[in-house]
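Student: Listed below are the residues making up each chain.
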Amino acid sequence: MPDLETLAFIVFFVAVVSIGLSRSWRPLDRLRRRLTTEMRVEAGGQPVHRGEEVEALVTITSVRDLGSPEVGVVCTEYYDEEDTDSEGHKTRTTCTVLVHESWTPVEEIAGVQSVRLTVPVEAPFSYEGDALRYRWELVARASRKHRLDAQVKTPLSVLP
Amino acid sequence: MSRFELQLERERFKAGETVTGSVLVVEGGGSRALGVSLTYNEKTEDFFDVATSIDSGALHEGDLAAGMSFAFELMVPIDALPNYESEHGELYWELDVKSDEAGRDTHERRRIEVEAMPARTER
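Top to bottom, those sequences are chains P and C.
The letter at position 13 of the first sequence is residue 12 when you use numbering that gives the first Met the number 0, and the numbering goes up by one with no holes.
The letter at position 71 of the second sequence is residue 70 when you use numbering that gives the first Met the number 0, and the numbering goes up by one with no holes.
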């Protein structure tokens, strides 16, 4: 019979894996961002046009436990689809898929670092529709030992 | 039910340009009104929505006879977004000729390419 601590760990592990393996990794990302206090990311100037560079300003306040920090430009497609259950009831759900991501390492030092990232010319532009949305974000992330990885993000406006 | 042919000077436009063309009636029939609209549509596998619509107004009111032709002009908005297609969705401009008829309306649709305003070099 496992002790209470082991049992708690197993429950936590199963919950984390279940959430993580769901349709997207967003629930886990949300938790990562909530638990991240030692990193920040901002856009130096926006909006940007496709094909242009965006300046990402990454602030690291503490490098303790942070490993391999990097910053990226990420575009996610949100699209609505109709799901039908076994009784024929239809529901509208929003699904997500990663359209673009590119990552650049940043130095493992405390302070502000400026990184220039390119938005590809063939990528989507920011769009907020009824059934379809393309959302861009600047994301900074780093690994952490025995804890959820650190992650912070900020919205980015991309023009055609 | 009528049948139409959409005649365009070209099929690629820049934001702010005017789409000029004509609607040729190939087969006539009963109609209350004939018009053309330029729409920006979003489409996923299960859903469709018109995000922007620019209407010509009525080009003709009343029944249509084969051989009739109606010219139209529609301006592409200056801030028009371009067409884009991704894995699960699509954004596109389309001309929609509509004859308002008793019962099911007749449509003749044609997609056009729209190029967004070029990026400014200074910011």
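Worth double-checking, as some hints may not be accurate.
[Unchecked claim] Covered stretches of chain P (in silico footprint by chain C; criterion: 3 or more residues with CB under 8 Å from a CB of chain C, positions within the stretch not fixed): (1) 77-91; (2) 94-104; (3) 123-133.
Bear in mind the hints are in silico, worked out from the structure with no lab data behind them.
Beta carbons are placed, not taken as given, at the ideal position from N, Cα and C, and that holds for glycine.
Student: All hints are to be evaluated individually against the structure, with a verdict given for each.
Tutor: Going down the list of hints, with the structure as the test:
1. 77-91: holds (count 5)
2. 94-104: Per the Cβ count (3), the hint holds.
3. 123-133: Per the Cβ count (8), the hint holds.
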